[in-house]
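Protein chains in written order, with the working numbering: chain A, 1 to 218; chain B, 1 to 218; chain C, 1 to 76; chain D, 1 to 76.
Mixed in with the good hints, there may be bad ones.
[What the hints assert, rightly or not] If the Cβ cut is set under 8 Å, some of the chain A residues that face chain C in the computed set are: (1) Pro31; (2) Leu32; (3) Asp36; (4) Tyr37; (5) Ser40; (6) Gly73; (7) Glu75; (8) Pro190; (9) Thr194.
It is worth saying that the hints were derived from the structure and are not from the lab. From the three backbone atoms N, C-alpha and C, an ideal C-beta is built for every residue, glycine too.
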Amino acid sequence: MTVIEQVEARPGLPRLNEPAPAFEAVTTHGPLQLSDYEGSWLILFSHPADFTPVCTTEFMAFAEIYPELQKRGAELLGLSIDSVYSHIAWVRNIEEKAGVKIPFPVIADLDRKVATAYGMVMPGESKTETSRCVFLIDPKGILRAMIYYPLTTGRNMDEILRLVDALQTADANSVATPANWRPGDKVIVPAPNTTELAEERVDAGYECTDWYLCKKSL
Amino acid sequence: MTVIEQVEARPGLPRLNEPAPAFEAVTTHGPLQLSDYEGSWLILFSHPADFTPVCTTEFMAFAEIYPELQKRGAELLGLSIDSVYSHIAWVRNIEEKAGVKIPFPVIADLDRKVATAYGMVMPGESKTETSRCVFLIDPKGILRAMIYYPLTTGRNMDEILRLVDALQTADANSVATPANWRPGDKVIVPAPNTTELAEERVDAGYECTDWYLCKKSL
Amino acid sequence: MPCVRPDGTLSGSGRALLEAVQAEMTAVDAAKKIGMPLHLVRSGLREMIAAGLVREDGERFGQTEKGAATARPSGG
Amino acid sequence: MPCVRPDGTLSGSGRALLEAVQAEMTAVDAAKKIGMPLHLVRSGLREMIAAGLVREDGERFGQTEKGAATARPSGG
Numbered sequence: 001m002t003v004i005e006q007v008e009a010r011p012g013l014p015r016l017n018e019p020a021p022a023f024e025a026v027t028t029h030g031p032l033q034l035s036d037y038e039g040s041w042l043i044l045f046s047h048p049a050d051f052t053p054v055c056t057t058e059f060m061a062f063a064e065i066y067p068e069l070q071k072r073g074a075e076l077l078g079l080s081i082d083s084v085y086s087h088i089a090w091v092r093n094i095e096e097k098a099g100v101k102i103p104f105p106v107i108a109d110l111d112r113k114v115a116t117a118y119g120m121v122m123p124g125e126s127k128t129e130t131s132r133c134v135f136l137i138d139p140k141g142i143l144r145a146m147i148y149y150p151l152t153t154g155r156n157m158d159e160i161l162r163l164v165d166a167l168q169t170a171d172a173n174s175v176a177t178p179a180n181w182r183p184g185d186k187v188i189v190p191a192p193n194t195t196e197l198a199e200e201r202v203d204a205g206y207e208c209t210d211w212y213l214c215k216k217s218l
Numbered sequence: 001m002t003v004i005e006q007v008e009a010r011p012g013l014p015r016l017n018e019p020a021p022a023f024e025a026v027t028t029h030g031p032l033q034l035s036d037y038e039g040s041w042l043i044l045f046s047h048p049a050d051f052t053p054v055c056t057t058e059f060m061a062f063a064e065i066y067p068e069l070q071k072r073g074a075e076l077l078g079l080s081i082d083s084v085y086s087h088i089a090w091v092r093n094i095e096e097k098a099g100v101k102i103p104f105p106v107i108a109d110l111d112r113k114v115a116t117a118y119g120m121v122m123p124g125e126s127k128t129e130t131s132r133c134v135f136l137i138d139p140k141g142i143l144r145a146m147i148y149y150p151l152t153t154g155r156n157m158d159e160i161l162r163l164v165d166a167l168q169t170a171d172a173n174s175v176a177t178p179a180n181w182r183p184g185d186k187v188i189v190p191a192p193n194t195t196e197l198a199e200e201r202v203d204a205g206y207e208c209t210d211w212y213l214c215k216k217s218l
Numbered sequence: 001m002p003c004v005r006p007d008g009t010l011s012g013s014g015r016a017l018l019e020a021v022q023a024e025m026t027a028v029d030a031a032k033k034i035g036m037p038l039h040l041v042r043s044g045l046r047e048m049i050a051a052g053l054v055r056e057d058g059e060r061f062g063q064t065e066k067g068a069a070t071a072r073p074s075g076g
Numbered sequence: 001m002p003c004v005r006p007d008g009t010l011s012g013s014g015r016a017l018l019e020a021v022q023a024e025m026t027a028v029d030a031a032k033k034i035g036m037p038l039h040l041v042r043s044g045l046r047e048m049i050a051a052g053l054v055r056e057d058g059e060r061f062g063q064t065e066k067g068a069a070t071a072r073p074s075g076g
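Turn these sequences into a full structure, and let the hints guide you.
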């Protein structure tokens with residue numbers, strides 16, 4: 001396979017800690033640009049298709065955590081390769097049949113511009129549907145985390161909330177968060193990166209397992 | 001930006017439901033190839049660097065869930081851009097200081113071949129470290145899910161176990177799993193894709209919210 | 001919520017937003033004033049600028065003459 | 001666990017694996033027999049084939065003459 005063929009088959013995908021790809025899109029709440037979310041955290045997520053079952057459970061689950069996300073200054077923005085009319089019919093159907101109002105906009109990405117920029121279509125799964133992707137974008141428009149789940153497998157809202165909490169805690173306190181971290185748990189003090197700092201660390205008063213692994217309470 | 005420049009900046013990244021990129025790598029358990037894992041589920045994950053704090057909490061957390069993964073026929077394989085000697089020193093240090101034995105191999109990816117093939121390095125974060133990536137690879141070597149978390153943010157073992165359970169349940173029963181699914185919860189019956197099947201669905205005896213959203217117990 | 005309907009009239013949220021910027025203000029202040037999410041305020045202001053109802057002055061937005069007439073159709 | 005040390009002698013797991021394939025068997029069966037993860041068995045067999053200690057016949061593995069001599073260094 002030559003380099004050129006590779007490009008045609010596999011467009012560049014978004015990368016962490018770089019500006020999330022800009023877009024202007026038709027949504028169920030009118031035309032929206034990525035920059036409209038400046039100052040908010042944005043959870044951009046895709047689903048394979050309207051009126052399909054896993055997607056519906058996910059939409060209801062996203063709607064359920066939306067108040068929690070709003071408390072954290074985070075907005076939701078859905079996407080699939082469906083028309084805005086299909087989106088409207090579907091969200092109205094969800095409200096009618098399941099009693100759940102979908103409070104966030106959904107991109108109608110019929111020209112696939114957003115899906116392509118974010119690498120949401122996996123030809124090995126489906127050439128016409130986006131996979132279950134999640135992009136966490138910070139208030140400055142920087143992409144901070146990505147999740148790609150397959151068509152068969154619904155996402156976990158609890159982990160998405162945990163991730164938002166972890167990223168916000170890291171930003172606010174210049175710390176990192178350990179495996180399985182939950183709000184209230186101790187956080188990680190960045191490791192010393194010179195031998196001098198490593199020696200100083202020993203007496204710094206943190207709770208340390210060794211010179212490089214120290215925790216503190218916030 | 002021309003196409004060629006784009007290739008240089010952004011290599012093709014792995015895609016869901018396609019063969020995971022093949023590799024042969026030096027590990028702490030000797031040379032290993034992706035194909036050595038044929039018949040097992042494989043969780044290939046990267047960490048930024050040995051002897052760093054979040055990574056250490058993650059290694060201990062991965063070691064903690066390893067028995068559960070083994071019960072599910074799933075193996076763990078770590079990776080960072082460090083030497084095999086650094087890896088050995090680090091896993092020995094974790095055992096000495098924290099009393100946790102690391103039971104899985106760790107790739108010493110100094111030539112970055114594996115990191116490049118899987119898009120693990122995010123130049124916006126670090127040009128010399130891999131981000132916190134997770135690749136779920138099935139027993140046939142097909143990539144089934146991907147997670148990319150940033151340097152600051154430890155992963156959640158509970159979600160990784162849930163994801164393995166969900167994928168295995170989908171494969172074993174030709175079903176899908178809804179948002180927030182846990183083993184024992186009802187699963188999703190695939191949506192009918194013709195109007196005829198949609199009409200038949202109404203009397204099929206499933207628990208349905210509407211024609212496209214039906215669940216059943218396993 | 002597209003603020004400007006295809007026939008040029010305003011939706012409910014469009015009318016609320018246009019009325020909000022009778023006194024010049026930033027998008028952030030307009031969002032607070034009418035309790036609409038900031039991203040929808042920005043989108044709506046962009047639409048109403050395109051429709052000639054709103055003008056932008058640095059980071060502040062206000063009604064154009066046409067916008068003022070639309071906001072108070074009875075005149076005055 | 002590299003089975004063959006840099007000096008050509010076998011590690012503990014290498015010796016166990018070489019002894020396991022005295023009777024020809026598949027990698028899966030060898031893994032079961034000695035309780036080693038399958039991926040390490042496959043890697044170890046590959047190493048010992050390269051070292052001339054093990055031969056591959058379809059999906060089954062067995063000792064070469066050199067392998068047999070290494071597995072039982074006292075001869076016999």
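Hint by hint, here is what the structure shows:
1. Pro31: Cβ of A/Pro31 sits 6 Å from chain C, so the hint holds.
2. Leu32: It holds, given that the least Cβ distance between A/Leu32 and chain C is near 5 Å, below 8 Å.
3. Asp36: 4 Å, holds
4. Tyr37: 5 Å, holds
5. Ser40: A/Ser40 check passes; min Cβ-Cβ to chain C is 7 Å, inside 8 Å.
6. Gly73: 10 Å, violated
7. Glu75: 6 Å, holds
8. Pro190: Given a least distance of 33 Å, the restraint on A/Pro190 is violated.
9. Thr194: At about 43 Å, which exceeds the 8 Å cut-off, the nearest Cβ of chain C leaves the hint on A/Thr194 violated.
Taken one by one, the earlier hints fail for this structure at numbers 6, 8 and 9, listed in ascending order.
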